[in-house]
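Student: Construct the entire structure; sequences and hints are all you get.
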Amino acid sequence: MSRRPYVREVSPTSWYFRMPRYMRYMAREVTSVFIGIYTVILLVGLARLSDGDLAYQGYLAALRQPSSIVFHVLALAFSLYNSFTWFNVAPKALPIQIGEEFMPDSVVAGGHYVVWVALSLFILFWAGVF
Amino acid sequence: MAKSNKPIIWGTFAAGGELVSLVTPVLILLTLLAATGHVPDALSYAKLHAFAAGWFGKLVIFVILFLSLWSQAHRLRITCFDFGMRADGVVAVVFYLIATVGSLASLMYLARI
Amino acid sequence: MSDNRMEVRQVELEVLRYNPETDQEPKLQKFTVPCVNEWCVLDALNYLKDNLDPTLAYRWSCHMQVCGSCGMMINGEPKLACKAMLRDYPGTIRIEPLAHFPVERDLVTVADDFMAKLKRVKPYLIPGQPRTLEDGEYKQSPEQLKRYRQYAMCINCMLCYAACPEYGLQPKFIGPAAIALAHRYNQDSRDGGRDERQEEIATNEGVWECTFVGACSEVCPKHVDPAAALQQVKVASTVDWYLEHFMSWVKK
Ligand code: SF4
Ligand code: FES
Numbered sequence: 000m001s002r003r004p005y006v007r008e009v010s011p012t013s014w015y016f017r018m019p020r021y022m023r024y025m026a027r028e029v030t031s032v033f034i035g036i037y038t039v040i041l042l043v044g045l046a047r048l049s050d051g052d053l054a055y056q057g058y059l060a061a062l063r064q065p066s067s068i069v070f071h072v073l074a075l076a077f078s079l080y081n082s083f084t085w086f087n088v089a090p091k092a093l094p095i096q097i098g099e100e101f102m103p104d105s106v107v108a109g110g111h112y113v114v115w116v117a118l119s120l121f122i123l124f125w126a127g128v129f
Numbered sequence: 000m001a002k003s004n005k006p007i008i009w010g011t012f013a014a015g016g017e018l019v020s021l022v023t024p025v026l027i028l029l030t031l032l033a034a035t036g037h038v039p040d041a042l043s044y045a046k047l048h049a050f051a052a053g054w055f056g057k058l059v060i061f062v063i064l065f066l067s068l069w070s071q072a073h074r075l076r077i078t079c080f081d082f083g084m085r086a087d088g089v090v091a092v093v094f095y096l097i098a099t100v101g102s103l104a105s106l107m108y109l110a111r112i
Numbered sequence: 000m001s002d003n004r005m006e007v008r009q010v011e012l013e014v015l016r017y018n019p020e021t022d023q024e025p026k027l028q029k030f031t032v033p034c035v036n037e038w039c040v041l042d043a044l045n046y047l048k049d050n051l052d053p054t055l056a057y058r059w060s061c062h063m064q065v066c067g068s069c070g071m072m073i074n075g076e077p078k079l080a081c082k083a084m085l086r087d088y089p090g091t092i093r094i095e096p097l098a099h100f101p102v103e104r105d106l107v108t109v110a111d112d113f114m115a116k117l118k119r120v121k122p123y124l125i126p127g128q129p130r131t132l133e134d135g136e137y138k139q140s141p142e143q144l145k146r147y148r149q150y151a152m153c154i155n156c157m158l159c160y161a162a163c164p165e166y167g168l169q170p171k172f173i174g175p176a177a178i179a180l181a182h183r184y185n186q187d188s189r190d191g192g193r194d195e196r197q198e199e200i201a202t203n204e205g206v207w208e209c210t211f212v213g214a215c216s217e218v219c220p221k222h223v224d225p226a227a228a229l230q231q232v233k234v235a236s237t238v239d240w241y242l243e244h245f246m247s248w249v250k251k
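Protein chains in written order, with numbering that gives the first Met the number 0: chain V, 0 to 129; chain E, 0 to 112; chain H, 0 to 251.
In case anyone wonders, no lab produced these hints; they're calculated from the structure. You may find that some hints are simply not true.
[Said to hold, decoys possible] Some chain V residues close to chain H (C-beta under 8 Å, calculated; not the full set):
{"hint": "1", "residue": "1"}
{"hint": "2", "residue": "2"}
{"hint": "3", "residue": "5"}
{"hint": "4", "residue": "6"}
{"hint": "5", "residue": "9"}
{"hint": "6", "residue": "11"}
{"hint": "7", "residue": "12"}
{"hint": "8", "residue": "18"}
{"hint": "9", "residue": "91"}
{"hint": "10", "residue": "113"}
[To be verified] Straight-line distance between alpha carbons at most 20 Å, and here's what the computed DMTMM-like set of lysine to aspartate or glutamate pairs gives:
{"hint": "11", "chain 1": "H", "residue 1": "145", "chain 2": "V", "residue 2": "100"}
{"hint": "12", "chain 1": "H", "residue 1": "29", "chain 2": "H", "residue 2": "49"}
{"hint": "13", "chain 1": "H", "residue 1": "171", "chain 2": "H", "residue 2": "198"}
{"hint": "14", "chain 1": "H", "residue 1": "29", "chain 2": "H", "residue 2": "52"}
{"hint": "15", "chain 1": "H", "residue 1": "48", "chain 2": "H", "residue 2": "11"}
{"hint": "16", "chain 1": "E", "residue 1": "2", "chain 2": "H", "residue 2": "239"}
{"hint": "17", "chain 1": "V", "residue 1": "91", "chain 2": "E", "residue 2": "17"}
{"hint": "18", "chain 1": "E", "residue 1": "5", "chain 2": "H", "residue 2": "198"}
{"hint": "19", "chain 1": "E", "residue 1": "2", "chain 2": "H", "residue 2": "195"}
{"hint": "20", "chain 1": "E", "residue 1": "5", "chain 2": "H", "residue 2": "194"}
{"hint": "21", "chain 1": "E", "residue 1": "2", "chain 2": "E", "residue 2": "17"}
{"hint": "22", "chain 1": "E", "residue 1": "2", "chain 2": "H", "residue 2": "204"}
{"hint": "23", "chain 1": "H", "residue 1": "138", "chain 2": "V", "residue 2": "100"}
{"hint": "24", "chain 1": "E", "residue 1": "5", "chain 2": "H", "residue 2": "204"}
{"hint": "25", "chain 1": "H", "residue 1": "145", "chain 2": "V", "residue 2": "99"}
{"hint": "26", "chain 1": "H", "residue 1": "138", "chain 2": "H", "residue 2": "190"}
All of these numbers come straight from a predicted model, not from anything done at the bench. For each residue, glycine too, the CB sits at the ideal point set by N, CA and C.
Tutor: Below, the structure written as structure tokens:
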């Protein structure tokens with residue numbers, strides 16, 4: 000009897016096609032591409048703001064390019080996906096024990112959603128959208 | 000095996016992840032409105048400049064940019080690895096450098112307002 | 000009986016076979032097995048071995064989801080063969096050895112790596128203060144028990160390792176079950192061994208290899224939720240790190 004264990008290699012570049020849950024995970028990770036680029040867009044906005052009114056108007060004009068609108072729509076979708084995935088697993092990292100029982104995950108996640116909606120509405124209101 | 004120094008970045012990832020999840024969608028919505036020609040009141044030059052001129056506005060803007068930059072840099076690093084890039088050290092240096100430069104730049108811009 | 004529980008149907012199995020003495024690589028072999036509808040996949044394998052091919056190698060012992068030895072990939076998903084019910088699999092069932100582990104023979108994998116990691120994290124009580132017999136037993140409140148009970152349910156079946164892509168990509172990663180078990184003892188009010196375990200798990204190949212895919216928790220047959228344990232270890236290790244470094248700055 001000779002031992003000759005067979006090692007099945009995992010492809011470093013295409014492993015995530017094996018299971019839908021891996022694809023969902025990669026979708027979550029890819030949100031960072033969009034949110035990252037968006038953060039740079041905000042940073043550029045701040046730079047233009049510090050350059051004065053003229054520069055800032057140029058920035059607002061640049062935002063109106065079709066490619067910018069397409070990017071915004073995509074970024075919005077990905078950032079919403081990121082928010083959902085984040086809130087749903089947030090209870091896992093910091094479980095809260097009250098007396099004997101732990102707070103159910105749904106309550107902690109629900110709390111996140113409530114804060115999220117309230118904060119978003121507040122910011123929209125503060126920004127004068129309505 | 001030495002203990003890892005990753006906590007220093009992970010701390011910003013955890014805090015940034017929470018903040019990004021809470022505020023980024025609505026921020027994108029605001030600039031999307033501006034992109035479609037309906038510039039929200041707060042994004043007009045006068046309003047935004049006044050906001051960024053106060054210490055509170057400066058703080059809010061800096062915290063959002065700083066945490067967004069670091070949390071996304073960290074996740075981008077992991078994403079590159081997951082897509083098969085094995086030069087993790089180089090990738091990490093590049094993204095963390097961008098985050099550092101971005102953070103310093105935001106301080107500089109805020110100081111000028 | 001009027002229901003169809005005892006009905007016999009022919010089930011198509013595709014089983015990955017590997018004989019280290021004769022095969023260059025594993026390949027799927029087809030079997031048609033007469034199965035009772037109420038059987039689990041393990042029953043089908045037992046029938047196969049008893050009646051069709053006695054050379055088939057696989058591990059099992061308890062047939063009741065406690066020994067943790069019958070883990071295998073069933074239609075690509077890590078499962079306990081004694082928990083996977085045939086009625087949930089209408090078509091052909093593909094059975095392979097647990098992913099990410101080397102194949103010893105047929106459905107038997109080499110588990111040495113996991114065993115070594117388990118040992119490294121010291122998954123046993125390391126009392127904080129030594130107690131003599133006269134001191135009596137360790138007392139623990141239901142509240143303190145609750146803090147680790149879920150993590151104590153692990154049966155070492157390694158399904159979480161087969162599900163974790165980061166373990167597949169980086170076999171050095173200590174991995175879900177071992178870290179969850181370290182957490183189980185860290186959370187135990189009778190234990191004082193956290194510092195020793197941190198030396199192993201607060202490392203780059205420890206908890207910091209985890210990217211919170213969450214697959215481990217989805218496949219765990221005992222609802223251990225190892226992913227939650229790992230995130231909690233990350234939070235605690237991060238607090239440690241900031242405290243250690245700020246404290247040493249303050250002292251300087
Ligand atoms: S954590 Fe769950 S899946 Fe992993 S070895 Fe333990 S019981 Fe099995
Ligand atoms: S045979 Fe023991 S867990 Fe399946």
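Student: The structure should be examined with respect to each hint, and the outcome stated for every one.
Tutor: We went through each hint and held it up to the structure:
{"no.": "1", "hint": "1", "result": "holds, 6 Å"}
{"no.": "2", "hint": "2", "result": "holds, 6 Å"}
{"no.": "3", "hint": "5", "result": "holds, 4 Å"}
{"no.": "4", "hint": "6", "result": "holds, 5 Å"}
{"no.": "5", "hint": "9", "result": "holds, 4 Å"}
{"no.": "6", "hint": "11", "result": "holds, 6 Å"}
{"no.": "7", "hint": "12", "result": "violated, 10 Å"}
{"no.": "8", "hint": "18", "result": "holds, 7 Å"}
{"no.": "9", "hint": "91", "result": "holds, 4 Å"}
{"no.": "10", "hint": "113", "result": "violated, 22 Å"}
{"no.": "11", "hint": "H:145 / V:100", "result": "holds, 8 Å"}
{"no.": "12", "hint": "H:29 / H:49", "result": "holds, 16 Å"}
{"no.": "13", "hint": "H:171 / H:198", "result": "holds, 15 Å"}
{"no.": "14", "hint": "H:29 / H:52", "result": "holds, 11 Å"}
{"no.": "15", "hint": "H:48 / H:11", "result": "holds, 15 Å"}
{"no.": "16", "hint": "E:2 / H:239", "result": "holds, 11 Å"}
{"no.": "17", "hint": "V:91 / E:17", "result": "holds, 13 Å"}
{"no.": "18", "hint": "E:5 / H:198", "result": "holds, 14 Å"}
{"no.": "19", "hint": "E:2 / H:195", "result": "holds, 11 Å"}
{"no.": "20", "hint": "E:5 / H:194", "result": "holds, 18 Å"}
{"no.": "21", "hint": "E:2 / E:17", "result": "violated, 25 Å"}
{"no.": "22", "hint": "E:2 / H:204", "result": "holds, 10 Å"}
{"no.": "23", "hint": "H:138 / V:100", "result": "holds, 19 Å"}
{"no.": "24", "hint": "E:5 / H:204", "result": "holds, 11 Å"}
{"no.": "25", "hint": "H:145 / V:99", "result": "holds, 7 Å"}
{"no.": "26", "hint": "H:138 / H:190", "result": "holds, 12 Å"}
Checked against the numbered hints given earlier, the structure breaks hints 7, 10, 21 and satisfies all the rest.
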